[in-house]
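Undergrad: Listed here are the chains, written in short residue letters.
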Amino acid sequence: MTDLVPFVVAVPIFGSVLAFAAGIARPKTGWPVAAVASLAQVAVAGVLAAATFGAGPARIAYVVGGFETPFGIELVVDGLSATVLVLVAVVSLGVLAYARRAGPRSNAFYAIYMLLVAGLSGMTVTADLFNMYVFLEITGLTAYALVAAGEDSRSTVAALKYLLVGTFGASLFLLGIGYAYVGTGTLNMADLAAKLADADPVLAQAAFALIVVGLFIKVAVFPLHTWQPDAYAGAPDTVSALISALVSTVAAYALLRVVYTVFGAGFLDSTPVARAILIGGAVVSIVAGSLLAVSQSEIKRVLAYSSVSQFGLILAAIAIGNDTALTGAAIHLVGHAVMKGGLFLTAGVVATETGARTIDEFDGLADRSPVAAGAFGVLAVSMVGVPPTVGFAGKWYIAIGAAEAGSWALLAVIVASTLLTLAYFLRLVERMFFRAPATVPADGRSDGAETPASSSTGMYATVVGATVCAVALGFGAFVYSTQMQATLTQLLS
Amino acid sequence: MIDTFVPPFVPVLVAALLVPFLSRRTGHALGAVASAAVVPYVWLVATGAHLPVKLFGFHAILLNVDPFSTLMGLIFGLIGAAGVVYSYASDAENIQTAFALGYVGTSLGAVFAGDWLTLIFFWELMAATSTLLVWHYGGKAVRAGFRYALAHGIGGTLLLAAIIWQFAETGTFLFGSVPGGPETAGLAGSIAPVLAALGIGVNVGFVGLHAWLPDTYPRPHIAASVFLCVFTTKTGVYGLYRVFPEHGNMAVAYMGGAMAVFGAMMALFQNDMRRLLSYHIQSQVGYMVAGVGIGSALAQAGAFAHVFNHILYKGLLFMTAGVIVYRTGEERLPKLGGLAREMPITAGAFTVAALSISGFPGFNGFVSKGIIISASHYMHAPLVTVGEFTGLQVLLLLGGVGTFMSFIKFGYYAFFHGSYDGTVKDANRGQAAAMVAIAALCLGYGLYPEGLFGILPIDVTTNPPVGHVYTTYTMSHLTEGVALAVLGVIGFVLVKAPLSGLGRVPDVDAVYNRVLFYGTRALVVGVTELYAAVDRVVVAAASATAGVVRAPDAVAGRLLGDTDSPVSLRADYSTSILVVAVVVAAFVVAITAL
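Those protein sequence lines, which keep their order, are chains H and U.
Under our numbering, the letters of the first sequence match residues 46 to 538, in that order.
Under our numbering, the letters of the second sequence match residues 844 to 1437, in that order.
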């Protein structure tokens, strides 16, 4: 079982190389290769998750290359990383099903796609801080490339901005690792946790500040989010969905890991400013993200700013840092990925079928594209946090965690976030279901930039699957929270 | 004696349901028989008869026969039957008599209740049926009916609050006197009796809470007034006894005294016949309230004796006033006069009733009022004493003088003063029958008080239960009765001239009707204005928000003072990097310096 751990990185890398190589021999072979690799990845992740949540040990560790722990690179799968691992595998497979018709279709695209999956999986399982930086860079670079895969100049500009800001963030992360290494002389997370307590506090604090700010950029916490709306809106629909569902999610997971596995709950308790900054970032993100989302006119930008707000919630849960809140963070990471990925894909389906990309064009969508409108409505309602959806479960656990910790101000903001979310999604739901469509020429958009096309079964299957998951996962939240107890106890000790 | 499980309200309410569908003659006959049948029925039902049931899921007792409820049942049945006969003779519609029978039936339900829940249930129904009885007449009675319903709604709610308090304290609604009831009789705790006294105070017309009474009773049909004057206030006295069954309450006793004086005084100012009689209800009920408040066995016996007698003579008075209205169409005393020659039967009946209510020796009022005054003389810890009289006794005697004065006024202006223009027929046969029967009872119980003593719940002729045995005709009692009459005559002669120049004297309702009206209007205006203000603020905020949302860059431009060119709010590359640098610098400084 332990030997299976490196395969979560190896399988997608192998798939990536194979897709690239096959492309040299024959074009348009990328998709099947990527699909097979993704299926294998789902299988590997599933087996590992089953082992973690099953009767076996709650923590599966593997040291690469026959070294011993403080020196070799260690890979660890526990409840939290298994959750994210399965999420990455399943979402990338789902988006792949959507990409078959929606494109891009080049082999290079699929090679980069699988490389991104490898980077994300690597960030998830690694227990070595420098190794995490490497995977973070792999993730970042592939993501920049994928954003640039769009056909118009807009995606290129967005990718460049993403590249500049993202690289700056990754550099800060690396700088922080440097400070931590100077202070302790080790890079293994568990080892760092033990030695940071005795290290020079200024070094530890500087390391914390640099790493957290670096990850804030990757997570897109306000006001470090500036790359994110452009990237999401500029990228092709397939890429928007994949990046919005996974990249910020895994960055937020990395933040959780670094804060609790490397620095530990004790560090937050002894450095109140650190916790204050986390809480401040959370509150500002929740409020500002929602307000910016309300003021957008383009659907994908609304969804992008919505992510800023939702990751504020997860940041709030990390700042609170008790069992309940962190359970909520894990649930909301998964829930947000499913919902936001689903929303982007649905927006893609809508754009493919009707050409509608702005809020005004969503008028009367229920008549023109009923399945997409229905899916969008359910996902939006779930995002608002209406029971019994997964959106409700995540917010509920985070809110309870805030109440348990006595952070009443934060609780008020979390509850208010529901109303703010309602503010921008209700507008869309109202337009889709209760307004007559504006007079649109029968052949689609008047400027002829995009001609309506039909959506494939795969596109519909992915959208409907995401919708069903958004509701069904809500029912599993309680079982999941009991399964997570062992991991969280270990994490917070 | 008969064993039964049928509460006496059942036949009356059944009759009430049937009357609207029968002919006038048959319907009224049925109503009179059903009501009259209650008299022998409750007379024969053994004390202690019970009908335990579940009402709304609580233990309740629909039929609880003890001497107090028996007395109430006897007189309610009797006057109910007389009232129906009088209604028939006074051209009352079937539907009105049906409401009246409903009112009689629910009153019977209230006085035969064995628990507070049943009591309040019938109490509220009584208020509802009597309101319908008032409303049925239409015209001015409708608005008065609204005020009546409002007053009784408030009173009933206060009583209900007291009853809920009692349930919370004791865990049961049952009376203390029934099997399974709580150990102490009356309402438990210190708050519940106060709430109950205030709630019942509306029904019996405590001074200040009484304004509905002279407001409502003069307005409906003349036969409806006969019913109204009997049941609500007297059921109130009975309820007050259930709240204070053992030791009375000094405040209630003095409130009774105040009612006796205030009611009689206000009555003296009135020119409308039925309004004058209405104030006398308050005054006479004051005697009963005083009796219940004193709380000695003699006083309680006196109170219930007075309930019995009062129903007879007050019903009779409303009948005579009704006949005058029926025959002349005139409500106001100054427009009448010299009717003694025109309507000898009515004048005779009135004289009997007036002497009874004033407590002249030989009439039934003399007997029961005497018991209460005697009890007030012997009362424990009387607070105030004037010579050998207690303060309460003085009030009750003053009330007696006022009663004489106002009935001399009534009789003088209606029957003896001047002469009537034209001819007026006397009461018709049915009216005469009802009046003569009741007048005979007034006289009979006056001359033969032992007949009354026999049905009283407490025997006043032996010691114990009463501390001071009561003998009706003693020299001092006779002197007292005659003295009151003489003082009344002298008083009337003195005030006759100033009274005739007096207009309408305002009562407390002049104040609280206005307060209520303008208060409600202020509340409504305040609420709507507040709503409008909030609405304006919300609308302004919403449109401002919409402006920001629709064109944030234009708003930002306006904020920066540049009204023409909107400011770009999107961060370009350099701004993004600058923001990151600033944030990381601030973070590092904050975390390492603090």
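Incorrect hints may have been included.
[Stated by the list, open to error] Below, a sample of chain H positions facing chain U; criterion: calculated Cβ distance under 10 angstroms:
no. : residue
1   : G68
2   : I69
3   : V257
4   : D275
Hints were generated in silico from the structure; no laboratory data involved.
Ideal Cβ positions, reconstructed from N, Cα and C, are used throughout, including at glycine.
Undergrad: Determine for every hint whether it applies to the structure shown.
TA: Hints versus structure:
| no. | hint | verdict |
| --- | --- | --- |
| 1 | G68 | 33 angstroms, violated |
| 2 | I69 | 35 angstroms, violated |
| 3 | V257 | 7 angstroms, holds |
| 4 | D275 | 8 angstroms, holds |
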